[in-house]
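Asker: Now for the letters of each chain:
Number of protein chains: 2
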Amino acid sequence: MPRAVRERQMMDAAVRTFGRRGYRAASMDEIAELAGVSKPLVYLYLHSKEELFTACIRREAEALLTAVERAVEPELPADRQLWAGLTAFFAHAAEHPDAWSVLHRQARTHGEPFALEVAAMRGHIVAFVAGLLEAAAREAGSPGPPGERDVEGLAQALVGAAESLAAWVNESEGESGGAVSAKEAAATLMNFAWVGLGDLIKGERWSPR
Amino acid sequence: MPRAVRERQMMDAAVRTFGRRGYRAASMDEIAELAGVSKPLVYLYLHSKEELFTACIRREAEALLTAVERAVEPELPADRQLWAGLTAFFAHAAEHPDAWSVLHRQARTHGEPFALEVAAMRGHIVAFVAGLLEAAAREAGSPGPPGERDVEGLAQALVGAAESLAAWVNESEGESGGAVSAKEAAATLMNFAWVGLGDLIKGERWSPR
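Residue numbers (UniProt numbering), protein chains in the order written: chain A, 1 to 209; chain B, 1 to 209.
Calculated directly from the structure, the hints in this document are not laboratory data.
You may find that some hints are simply not true.
Note that identical chains are pooled: a pair holds if it fits in a single copy or bridges any two copies.
List of simulated lysine to aspartate or glutamate pairs, EDC-like, C-alpha gap at most 16 Å [as the list claims (entries may be wrong)]: (1) LYS39 with GLU148; (2) LYS183 with GLU95; (3) LYS49 with ASP12; (4) LYS39 with GLU50; (5) LYS202 with ASP29; (6) LYS202 with GLU139.
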């Protein structure tokens with residue numbers, strides 16, 4: 001079996017184990033067993049638990065970013081672009097709960113080096129959202145286009161809102177009202193971010209045209 | 001000196017040390033010295049580093065919650081209530097950077113028990129915001145008042161956006177463009193959350209009436 005395939009199997013097993021057990025409790029024995037390889041082979045290919053975890057964070061961060069960026073078609077109107085991006089984000093988080101746990105919980109709670117890996121991905125998403133907002137404001141011929149700092153602030157707000165909702169969705173599983181779906185979460189955030197509370201409170205809603 | 005006063009001095013010193021050095025690196029020696037007491041007295045009153053840290057998290061969570069709740073006057077229109085709450089939140093975070101670091105960074109990155117303390121406070125804030133939104137929708141005689149789950153989702157989005165912005169503001173200090181002020185951050189979030197990106201992009205802005 002080629003090395004790349006073996007490595008992918010090891011990382012699949014690692015994401016699953018880190019995501020479910022947590023970084024500390026996860027053992028290299030368990031990861032090797034789940035991947036169907038020997039423990040020495042895991043060390044040979046991925047060196048240490050720290051490096052394996054770092055590789056997992058990078059791979060899953062990349063996958064999440066790619067899912068969002070691919071979903072957004074720049075020729076669509078701004079609200080449709082945002083809707084597509086949000087839908088892709090929540091769908092990806094829901095379909096890959098172990099990866100989400102690695103990125104959102106484990107990587108942030110086990111020391112600075114791992115946290116910095118996630119912060120780098122977050123920076124890319126914020127920049128992507130900021131670019132989208134700038135392009136939208138230009139297209140709308142906004143009389144007072146938002147300043148660079150305003151745009152970054154808005155992008156930070158949107159990304160923070162999305163993270164918070166995704167965490168809430170993942171925790172809502174098994175609750176009495178049933179899980180919140182990725183689609184519901186995307187719709188809630190789209191209404192919040194696009195329509196705004198002022199109009200939402202009066203009963204307005206965003207809907208795809 | 002009464003015990004309550006001594007304890008407050010110890011906790012002031014602890015918040016400052018945990019906030020600046022981080023939970024792990026902070027030493028009980030340093031905390032005792034900064035508080036101007038002996039180390040045995042810190043242990044006598046607050047038992048262990050874990051319990052001292054937990055006491056700090058609780059005190060600072062309570063202080064942040066109180067600052068927000070006190071600022072919001074229920075007889076004001078909903079947007080003014082939100083504006084007052086956001087302004088108080090960002091001002092409190094800016095004026096107490098060590099406390100913010102304890103709550104937002106340290107408590108979340110050093111194990112489940114501490115993280116749960118912060119999660120409890122976060123739950124209170126989300127419930128408070130949800131109550132505000134529900135009251136506002138009722139007052140507006142909204143034709144389709146948002147369901148309980150929608151309201152919680154919106155509150156989660158708003159709280160996540162506020163956390164993200166507050167972290168960004170605290171990190172922006174010392175950057176070339178100068179620090180983002182608490183007032184600017186509150187205005188950015190008010191525009192985002194109240195007006196919505198759809199109208200913001202067209203150049204609309206919220207302003208206090």
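Asker: Please go over all the hints and tell whether each is borne out by the structure.
Answerer: Evaluated hints:
{"no.": "1", "hint": "LYS39 with GLU148", "in the structure": "neither (50 Å within a copy, 49 Å between copies)"}
{"no.": "2", "hint": "LYS183 with GLU95", "in the structure": "within (12 Å within a copy, 39 Å between copies)"}
{"no.": "3", "hint": "LYS49 with ASP12", "in the structure": "within (14 Å within a copy, 38 Å between copies)"}
{"no.": "4", "hint": "LYS39 with GLU50", "in the structure": "within (15 Å within a copy, 35 Å between copies)"}
{"no.": "5", "hint": "LYS202 with ASP29", "in the structure": "neither (57 Å within a copy, 57 Å between copies)"}
{"no.": "6", "hint": "LYS202 with GLU139", "in the structure": "between (28 Å within a copy, 9 Å between copies)"}
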